[in-house]
Structures are given as structure tokens and as C-alpha cells.
Amino acid sequence: MWVEKYRPKKIEEMIGNEDCRNVACLWLKKWKPGGKAMLLMGPPGTGKTTLATLLAKQFGMNIVELNASDTRTKDKLDKKIGEAIRTVNLFGERSLIFLDEVDGLLGRSDYGGVEFIKEAVKLTQNPIIMAANDQDADEIKKLGSVCVALTFKPPPPREVEVYLRRIARLEKAEVSDEDIVAFVTSAGGDLRHAINSLQSGNTIASGGFKDKSSAVGDAFEAFFDSADPAAALVALRSVSLPPIEKVRELYRCLVRSSLPPEKLSDALEVLSRADMLMGKIMKNQEWRLLRYLDNLLAQELLPIIRGQNVRYATDDLPFSTLLRIWNDSKKVKEISLRYARRSHTSGSGARSQDLPFLFSLCGAKGFREQLEKTLDLDETFEKFLQKEAGR
Amino acid sequence: MKILLGAWFTLPRLGTASFSSLMKQGVEYDRALGFKMGAGTDVGAALRTLRSALGEDVELNLRCVVCGVEACPGCSYSSFCDRSKVSPICLCAEHSSGIDAFEVYQKTFAATMVG
Numbered sequence: 001m002w003v004e005k006y007r008p009k010k011i012e013e014m015i016g017n018e019d020c021r022n023v024a025c026l027w028l029k030k031w032k033p034g035g036k037a038m039l040l041m042g043p044p045g046t047g048k049t050t051l052a053t054l055l056a057k058q059f060g061m062n063i064v065e066l067n068a069s070d071t072r073t074k075d076k077l078d079k080k081i082g083e084a085i086r087t088v089n090l091f092g093e094r095s096l097i098f099l100d101e102v103d104g105l106l107g108r109s110d111y112g113g114v115e116f117i118k119e120a121v122k123l124t125q126n127p128i129i130m131a132a133n134d135q136d137a138d139e140i141k142k143l144g145s146v147c148v149a150l151t152f153k154p155p156p157p158r159e160v161e162v163y164l165r166r167i168a169r170l171e172k173a174e175v176s177d178e179d180i181v182a183f184v185t186s187a188g189g190d191l192r193h194a195i196n197s198l199q200s201g202n203t204i205a206s207g208g209f210k211d212k213s214s215a216v217g218d219a220f221e222a223f224f225d226s227a228d229p230a231a232a233l234v235a236l237r238s239v240s241l242p243p244i245e246k247v248r249e250l251y252r253c254l255v256r257s258s259l260p261p262e263k264l265s266d267a268l269e270v271l272s273r274a275d276m277l278m279g280k281i282m283k284n285q286e287w288r289l290l291r292y293l294d295n296l297l298a299q300e301l302l303p304i305i306r307g308q309n310v311r312y313a314t315d316d317l318p319f320s321t322l323l324r325i326w327n328d329s330k331k332v333k334e335i336s337l338r339y340a341r342r343s344h345t346s347g348s349g350a351r352s353q354d355l356p357f358l359f360s361l362c363g364a365k366g367f368r369e370q371l372e373k374t375l376d377l378d379e380t381f382e383k384f385l386q387k388e389a390g391r
Numbered sequence: 392m393k394i395l396l397g398a399w400f401t402l403p404r405l406g407t408a409s410f411s412s413l414m415k416q417g418v419e420y421d422r423a424l425g426f427k428m429g430a431g432t433d434v435g436a437a438l439r440t441l442r443s444a445l446g447e448d449v450e451l452n453l454r455c456v457v458c459g460v461e462a463c464p465g466c467s468y469s470s471f472c473d474r475s476k477v478s479p480i481c482l483c484a485e486h487s488s489g490i491d492a493f494e495v496y497q498k499t500f501a502a503t504m505v506g
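Chains as they are written, first to last, in this note's numbering: chain W, 1 to 391; chain D, 392 to 506.
It should be emphasised that the hints constitute simulated quantities derived from the structure, not laboratory data. Ideal Cβ placement from N, Cα and C applies to all residues, glycine included. A hint or two may mislead.
Claimed, not checked - In the DSS-like style, the derived pairs of lysine-lysine whose C-alpha atoms are separated by at most 30 Å in a straight line are:
(1) Lys-415/D / Lys-10/W
(2) Lys-32/W / Lys-393/D
(3) Lys-415/D / Lys-122/W
Claimed, not checked - A few chain W residues that don't get close to chain D, going by computed Cβ distances all over 10 Å:
(4) Lys-74
(5) Gln-125
(6) Ala-137
(7) Asp-138
(8) Lys-153
(9) Thr-185
(10) Pro-229
(11) Arg-237
(12) Pro-261
(13) Asn-295
(14) Leu-296
(15) Gln-299
(16) Asn-309
(17) Val-332
(18) Phe-367
Modelling step: build the complete structure from the supplied sequences, incorporating the hints.
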């Protein structure tokens, strides 16, 4: 993932919000117990979390990070970060407390989280940085008035362009000016989006520009052959595909493999969790969670499929298989519609809930014939139902 | 009227209400230097206040981080870029076109960085 690969490692490697970055550095340099907390406000993907992480790194501090929308009650917050807020370590070194997404916390005053934050800001022995997406919420404005508040904005398109050109140059990707402009304008200031577009555009070989650095198939093969999760992680990170495509490709490889059913079930369970993670990322624009995707796959999927001869499948399903799926799905649709009419239910409900049971009952003596008669099915369905009963 | 974001500019007397609004919207004021829209300014609101008080259109310009001049003239994104909603510092045509544009940007920012 280029987003991870080119994640800034120093504050000066970020783009946009130059004033905010300078003010934040100055604030942390001068901070003393009793000093104000800092509130970073702005839309997702503008660098709030990155800045907090890099500030801690650059000033040699430990970072104590908490997503406030996951932990909302006063007791839980106190349990998790209370000690870190009130104390310094044995050597007198301070930690940087980072509360992400505090706007999620402020919506529920009855949980006591707001009170906790107000107290923490007054009593803290360590600098606190808070981040919020919704800067227009009244409570965020109130919180901003007692903090050093900085508003993060998307970087200007020209800076995004310069950043994309740098990545393209380092990746040795041949990209036209028109493509770069298209990526910049479609991203609307979201740098992660722009980088992902550049990377995914880069993997589309037809007509556009080609990725010279790594072949997708080789990277997946390296993943399947990995001896341990660390090697698997490296292999997955070298797959030049958008994350959702990565999950889909793995699904394609798994369903075409000859994994035993129980192994396949476990592997698909892991993929399902990866897919849910991607869903959460896309829905809430929580791109910081993306760092867990490769780890999840390397740590949990690899042990299941290791040594099972899973290979990267480039070809589509054989035509005979496709034809059977197509014909069977037509029959399933027809049976479910007839069943739905008889049972006053919906076609999709019949397909997902009732038909699996009916098909398995077709093995019982006389049931299939009765079903064919009730649903007025002709002889073309006989073979299909026999096959389904035998599964 | 043209305003360069992050740079000082002067205004005619606007009256107490408009001045007060600008201060609330985070516009910085210095008796000797004038006004400045910086990191803490609600640029969109300040722009509305200025347009209403001056009775004329106010054009915003981003400043080039490297040379400090107006970055917007001749920019291919000018029709797409909402200058009141993006971060106020950019790169001019000259400093965004070189092969090492990002490295120059990075060095310039590092030189001004505190800490």
C-alpha cells in the first residue's frame, strides 16, 4: 500500500496545514503542567492523527492514544488513561496523550466522558491533544475555547499534485499529466484518496500506465508461500492493489483452491472479518484502520492456508462450470418464485431461508416428487433437485 | 480587493461591528501592520464579513511557501480550488513544476519549523 509506504515519518514530510504544524510544534515545545490542551479540528484525511503521532516521535515522547468514540464512560476513560494523565514516568519524562475523535464522545454527556475530559485538561501532568472531525458542533466549539484550537483543512490541489508526482517518480510509474490532474480533482483534498487512486490506476495496465515494481500474482504467491506472518506481511504490502481488491483476489484464490471444507470455512471467516473492516473504513472514512488489514490477513489467514497448496488463480472459472452455475441459478430462481407464490413470502427470502432446507429434504423418500407436483415443476427440474439432494 | 492568505493587509475603517466580527472570526490585527488571516481564522466567515462591510468582491490568494508570492495566478486548478476551504499555503507555478518540487517544499518548511 502506497498510503502506508509513503506515510510521513517526520512532520516536514507532511503536506498542507503548514501554519498548524508550526503552531503545534511550538505549543508542545513550550508546554508545561497547567498549560492548555490542543484541539485539532478538521475533516478526515487532513493529517490530524499523523501530526499527533509525529509530534510525539519528534519530541521523543511516548504516545498514549485512545479513540474516544470507542470508550465513552468516565470510569472506562479513567481506567484506560487516568494514570497516564495524572503521572509522569520514573525519570520525569512526559507522555503525549492523544484522544482521537472526541466529537463522538461529546454527543453523550450522560456517559460522563465530557466531564472527564474537562477535568483531565485542568489536572494533566502531560500534554493532551484531542482530534475532532465535526468542528461545527457546539460542544466542540466550547471545548475549543478552552484549548489551543487548530483547524485543519485539505491541502491545496497543487500541493497534492506535487506529492503524487513525487510518489510516481519514486515508484517509477509513467503517469500522464491528465491522469495526475484527474486523481487530484477526484480526491477533493483527501490525500489518501489521491494516493490510492494513483496506485490503483497504476495497476490497470490497459492503455494507462504500468506498474513496473511488482506483479500482483508474484506478491500473492509470496504470501501463500510465506513461512511466517512477518514474511506474509511483507508480501501483502507489496501487492499493488487497492485494499478491497486485495481481499477480493484472496477470496477468488481461496474458493478455487482445494482446501478441505473446515479449513476453507475458517479461511473465509477471516476474509469476512477483513471485508467487514474494509466496510467500516469506507463507511466512516477511518483510514487509519487500514494498517490492521494486512496484519489481520498475515496473522490469521496464513496459519490456516500454510502448506495447503493455495495458489494465485489468474484465469476465470472454466466455461462448463460457469454454464452450470448460470443454469442452476436460473432454476433456483424459478423454484423460489413458485415457492414464494405458494407460501406468500418473498422470492429472496425463499431463496436464502427455505430452499436450502427443501433441497436437503429432497433426499427423503417421496419428498422430491411431492415438491415437483406442488410447485408444478416439469421434468427438467428432476435432475437438478436430485443433484441438490445429493450435496 | 485581493487578499494574500497569511500576509498582512490593510483595510479602510469598517466600523465597530465589522471589526468585532473579524476578531471573533480569528482575523489577527496589529495596529502597525494591519490584518492577517492565519491558521486560526475562519476564512469563509471572515470573507463574508469583509464582502458585506466593503461592498465589493474579495479575492483570496494562497501564498507560495517557497518564495512568498501569490501562488494562484496561472494555476490550472483555479476553477476547482475553493481557496477559503483549503489550507492557506501553496506552491507557485515555478516552485511546483520542478522535478524536485517536493524536496524544495520540504526543505523550506523544515527551515521555518519550530523545535
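Hints, one by one, checked against the model:
1. Lys-415/D / Lys-10/W: Distance of about 33 Å is beyond 30 Å: violated.
2. Lys-32/W / Lys-393/D: violated (40 Å)
3. Lys-415/D / Lys-122/W: holds (25 Å)
4. Lys-74: The claim stands: Lys-74/W keeps its Cβ more than 10 Å from every Cβ of chain D (closest is about 30 Å).
5. Gln-125: holds (20 Å)
6. Ala-137: Check passes; 15 Å lies beyond 10 Å.
7. Asp-138: Its Cβ never comes within 10 Å of chain D, the nearest being 15 Å, so this holds.
8. Lys-153: Given that some Cβ of chain D is not farther than 10 Å from that of Lys-153/W, nearest at about 4 Å, it is violated.
9. Thr-185: violated (6 Å)
10. Pro-229: Holds: least Cβ distance 34 Å, greater than 10 Å.
11. Arg-237: holds (23 Å)
12. Pro-261: Check passes; 51 Å lies beyond 10 Å.
13. Asn-295: Check passes; 29 Å lies beyond 10 Å.
14. Leu-296: holds (32 Å)
15. Gln-299: holds (34 Å)
16. Asn-309: The assertion about Asn-309/W holds, with a minimum of 45 Å to chain D.
17. Val-332: holds (49 Å)
18. Phe-367: holds (65 Å)
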